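From first to last, the protein sequence lines stand for chains A and B.
Here the first sequence stands for residues 0 to 496, where the numbers follow numbering that gives the first Met the number 0.
Here the second sequence stands for residues 0 to 373, where the numbers follow numbering that gives the first Met the number 0.
Hints are computed from structural coordinates only; laboratory data are not their basis.
Simulated pairs of lysine to any residue, SDA-like, Cα-Cα distance not exceeding 20 Å:
no.: 1; chain 1: B; residue 1: Lys46; chain 2: A; residue 2: Tyr179
no.: 2; chain 1: B; residue 1: Lys46; chain 2: A; residue 2: Leu173
no.: 3; chain 1: B; residue 1: Lys122; chain 2: A; residue 2: Glu120
no.: 4; chain 1: A; residue 1: Lys260; chain 2: A; residue 2: Asp226
Computed from a predicted structure; not experimentally measured.
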Amino acid sequence: MKNKFRNITLQTKLILSFIATTIIIIVVNLFMYQSINLLVNRLDAIYLSNVRLNELEIALGDVQNSMTDYLNTKSSDAMEQYYRSEQDYSELIGALNQDITGNRLQMMQRSIRNMSENYLEVTNQTVEAKRGRNIDKYKTRYEKATELYNYIGTYIYSLNNEQFKDNSSSYKNLSLSLHYLEYVSAFILIGVAICNIALITLLTKSITNPLRILARAADQVAGGNLDTELVEVQSMDEVGIVSSAFNKMLVNIREYIERIKESMEKEREMKERELMMETHLKDAQLKYLQAQINPHFLFNTLNAGAQLAMMESADRTYEYVQNVAQFFRYNVRKNNESVSLRDEIELVDNYIYILNVRFSGEIHFEKKIDESLTSIQVPSMLLQPIVENSVNYGIRNIDWQGLIQLSVYRQDDMVCISIRDNGVGITGEKIDKILHNAIRTSDVGTDSNGVGLDNVIRRLKLFFGNDDVFDIISEGENKGTEVLICLPYDEERYDDV
Amino acid sequence: MQRHSSQKKNTEESGKQIRGKNKIAFVSIGIILVMIIITTGSLLFFKTQLMHTAQKEISQAKRNYDNYYVMINSDNNSSFWQSVFQGATEQAEATNTYVEVLGENLSVDYSEAEQMEIAIESKVDGIIVEANESLQMRKLIDEAVTAGIPVVTALGDNTSSTRQSYVGISSYNLGREYGKQVNSIADSIYGAQEQTDNMMTNINPLQVLVLINANAEDSSQNIVFSGIQEAVENQSDYSGKINLEAKAINTEGAFAAEESIRNIFMTEEQPPDIIICLNELNTTCVYQAVVDYNQVGQINIIGYYNSETILKAIDRSVIYSTISVDTKQMGAYCVDALNEYGESGYVSEYYAVDTTLINGDNVRNYLGGDADEE
Numbered sequence: 000m001k002n003k004f005r006n007i008t009l010q011t012k013l014i015l016s017f018i019a020t021t022i023i024i025i026v027v028n029l030f031m032y033q034s035i036n037l038l039v040n041r042l043d044a045i046y047l048s049n050v051r052l053n054e055l056e057i058a059l060g061d062v063q064n065s066m067t068d069y070l071n072t073k074s075s076d077a078m079e080q081y082y083r084s085e086q087d088y089s090e091l092i093g094a095l096n097q098d099i100t101g102n103r104l105q106m107m108q109r110s111i112r113n114m115s116e117n118y119l120e121v122t123n124q125t126v127e128a129k130r131g132r133n134i135d136k137y138k139t140r141y142e143k144a145t146e147l148y149n150y151i152g153t154y155i156y157s158l159n160n161e162q163f164k165d166n167s168s169s170y171k172n173l174s175l176s177l178h179y180l181e182y183v184s185a186f187i188l189i190g191v192a193i194c195n196i197a198l199i200t201l202l203t204k205s206i207t208n209p210l211r212i213l214a215r216a217a218d219q220v221a222g223g224n225l226d227t228e229l230v231e232v233q234s235m236d237e238v239g240i241v242s243s244a245f246n247k248m249l250v251n252i253r254e255y256i257e258r259i260k261e262s263m264e265k266e267r268e269m270k271e272r273e274l275m276m277e278t279h280l281k282d283a284q285l286k287y288l289q290a291q292i293n294p295h296f297l298f299n300t301l302n303a304g305a306q307l308a309m310m311e312s313a314d315r316t317y318e319y320v321q322n323v324a325q326f327f328r329y330n331v332r333k334n335n336e337s338v339s340l341r342d343e344i345e346l347v348d349n350y351i352y353i354l355n356v357r358f359s360g361e362i363h364f365e366k367k368i369d370e371s372l373t374s375i376q377v378p379s380m381l382l383q384p385i386v387e388n389s390v391n392y393g394i395r396n397i398d399w400q401g402l403i404q405l406s407v408y409r410q411d412d413m414v415c416i417s418i419r420d421n422g423v424g425i426t427g428e429k430i431d432k433i434l435h436n437a438i439r440t441s442d443v444g445t446d447s448n449g450v451g452l453d454n455v456i457r458r459l460k461l462f463f464g465n466d467d468v469f470d471i472i473s474e475g476e477n478k479g480t481e482v483l484i485c486l487p488y489d490e491e492r493y494d495d496v
Numbered sequence: 000m001q002r003h004s005s006q007k008k009n010t011e012e013s014g015k016q017i018r019g020k021n022k023i024a025f026v027s028i029g030i031i032l033v034m035i036i037i038t039t040g041s042l043l044f045f046k047t048q049l050m051h052t053a054q055k056e057i058s059q060a061k062r063n064y065d066n067y068y069v070m071i072n073s074d075n076n077s078s079f080w081q082s083v084f085q086g087a088t089e090q091a092e093a094t095n096t097y098v099e100v101l102g103e104n105l106s107v108d109y110s111e112a113e114q115m116e117i118a119i120e121s122k123v124d125g126i127i128v129e130a131n132e133s134l135q136m137r138k139l140i141d142e143a144v145t146a147g148i149p150v151v152t153a154l155g156d157n158t159s160s161t162r163q164s165y166v167g168i169s170s171y172n173l174g175r176e177y178g179k180q181v182n183s184i185a186d187s188i189y190g191a192q193e194q195t196d197n198m199m200t201n202i203n204p205l206q207v208l209v210l211i212n213a214n215a216e217d218s219s220q221n222i223v224f225s226g227i228q229e230a231v232e233n234q235s236d237y238s239g240k241i242n243l244e245a246k247a248i249n250t251e252g253a254f255a256a257e258e259s260i261r262n263i264f265m266t267e268e269q270p271p272d273i274i275i276c277l278n279e280l281n282t283t284c285v286y287q288a289v290v291d292y293n294q295v296g297q298i299n300i301i302g303y304y305n306s307e308t309i310l311k312a313i314d315r316s317v318i319y320s321t322i323s324v325d326t327k328q329m330g331a332y333c334v335d336a337l338n339e340y341g342e343s344g345y346v347s348e349y350y351a352v353d354t355t356l357i358n359g360d361n362v363r364n365y366l367g368g369d370a371d372e373e
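With the rest of the complex left out, here is chain B:
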């Protein structure tokens, strides 16, 4: 009996022991698991950390594109061309094409002609260039086309060259639009004067100054000018009272345009009543000069393009109105033209880009719109 009970005790104890043994095994396995978790966890953490930094570098070089176009223009920093480039990039992305502004990363500032040469030598798939009517430009465009590189001119054209297409504004329509603005200014001025004074002959004629790029041997400015002339002569009640004058602005060399514009204010005895600017830079310079020489209200500015500065100036009534070009559309059309030529070998000679008039009445929309875009 005693033996039986002791046996029972023994089995009980051995059971306990086996449980103890199991516990040891479980704890050992647990410790090993903890080790593995620590190791793999830390290593994973490190890997992801490493991957994260590597990802940044790789993601840039990951995609391969079908075509490579370059854009060449006179002023890379202007918001006008940046906007055009943005439009081109958006369109290019959609068609698996890579667009680059040439010379952006280079340590030397090359002229447009030199950039054209680099583009030709680099064997790009297409060139978007802000051309002019110069002979040199024509030669370069012809050279590119001969080398099998399609060329699309944007904003400025070289009609005599063999370029594939031109994307821009119709200069004549632009001129007429400017003319209309001049007319409406004349209306408001003379209309007010008529009420107080019927002696119209005593009134000084309205001086209108059109700022023309002196170095561009390009007919488009002439077309713009004649457009203005026509609009003023044909559509204004006060056409005899409007004195239209073209002023050549020297753009050769750095900062030349700004100096020429300052000269207008410094040298002219009688500052003009209306100044018409045909590019963004001139608009901004004239606006600044008017403010600086305290001529706000005396001089009406009719500007070009809808940069933030210009829109704000319109909002403050320093600039009367501006003609806005749909720059993104322009960029997109350029890429479209090149793509189409690449695919079919043919492309439309001319793409017209939409223009919009912005004045004090609708400037709020654009200011808000710009803010939204940013």
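Chain A on its own, in the form it takes in the complex:
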């Protein structure tokens, strides 16, 4: 029963309440009308009895007059008239009371009826005697009839009076009843109206309350608070359905957000792993190289070469071999750790020297170093690959004098390391590709020490946890390229060394 009520739709609820209240009012009104009808009918009945008596009196007069007329004239018209009125009158008296009751008015009716029956008998006899020319008989009969006529007349008149007296008191009662009816109906209508208003207020409240709660919850969700409480469903009407749909939606949104969070986490982890894999691969490559060349043997060999050169007073050879030895030692020793900027610059010096020997001093290298900043810690193998890049792609195939400038300076809170060449330059497109990691290590030629630019960029990012550390600037074709590394100037890191 309760569940059934809960499942009723709003429309049905409204219609039901409306119908119920309307029916009650209609029933009350019908009853009022019926009561009024009853009273009016009784009022009618009161006067109807008097009206009937008057009719009776008239009919009686007709009988007497037509009989007298016939006795006077003996005309067939009068005869016809007599029979007609006699018929009418006997019909009328047939309606009168015949029983012996305790009511004196009804007893008077009975007397009138009985006397009238006798009267009609006598009048018939009179008319018969007249037709039979029995003069004596019709005269005495006529007298008798007249006597009876007078008695009946008196009875009717008296009964009329008595009835009127009775009716007056009945009328008083009835009009009193009508007054009562007025009060009662007014009372009922007012009472029912008040109750109806209360009922409708209650029902509409029960309909709009869940809506209001739902609206509040929706407002909170719209404001971004997904953790708002679920709207509880009171009934399975339209509002109930909307409420439960809203709840489902809320739950689904929460779940969805949770899932997105999870998948993002996964993606991040995968990226990290990819990077790790690459480093591990590099590691493996290095270890492979290391395994192939016994570094001590290499260094000792190079050192022996250097000593030999010195003994032969070939100073330039000595210096060259010395530089090569230093370059490789650095490579072997510090491939994977953080080092001071100073060491890195030294390595670049070594590298340039070796290249200049290789390429007969084609490369001009200029340094503008703020020495106070060189103790900053940076990832190892940072500058050399950049310089190598500049040499290989920037100034290798140019017609003019190649120049590479390395400058370290301070800008605001940043330590800036700039490697600028005057080579072929680089297109913005390619810069984007490089910066966004689109060029893989494999694309780079084998003519390198194996550490690519992308590796440098990635390690920088990892090291400083910041994307904006590395930038490549080129003003266009044949206008050179500048690689700019801006490191945060960290007092502590600076002091460490």
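Keeping the supplied structure of chain A fixed, place chain B upon it in accordance with the hints.
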């Protein structure tokens, strides 16, 4: 854990909501009940109000009776006949019969003869009539009996008619009772005089006036008169000293009796010492006249019937004594006679009604009794 607690909270809240929902349902049902109570209550109230007024009208016409008797008498307003009618009604109710005084509701005052005719024409089941010995009355009674309507005469009889029964007082006994009263008055007067004066021959004879209805051609008054005569002659020590005289009182026409009685006091040189009245009206008239003409103590009244006025007069010693008729018994006997005739076709010719003497000694009982009845 947090989720669990929030769920719990949810169920708690929904519980609260369901309770709220129940409350709404209960209040709605309550309101509907109030509406129904208001409506039905008011309508019931109105119905009972209506019924109450309707009941009054219906109750009168509810009962159906087996027989319908009418009562015809010379004076509807006298307490004598009203009492007779009351007795008849009580008896009739017990036997499921309806009795009515004829002509009560009519706008015309009909004579007894006319009333008889109306009763015959109305085909009543029985007639109780205060008859007289007139020829007209005899004819009417015979006519009724021929028409199959039994007739019982009450108080006054028409012996020559074919009436079924007579309910009344034995006139001879009544006369003797009056005679006794006359004797006792004579005893008290002459007894007192004897002691002071032995010369009885000097004393004036006692004048006794018997008021007789002049228009009644009826022998019962004569019988009463002869009863008085006999009692006075045979039983009194002073019979020679009592002068009995009958006075006819004209009752034809309205107020005639009262005028005739006044005439007695105005014209007679020597007012009578004792006046004997044979009906209630005369008794009351004589009593009033005696008071008016300042004859209290001079004239002894021997009355008839025990109306309130007469009893009070006895209490004040204006009326010496009165003969009371058991009127209720008379009414009851009339109805009994008619019923018996209706049932068996036979009925006793004569029903004697009890009479009682009321004088100064026992009047208190009747005054009290009357008061009780009212």
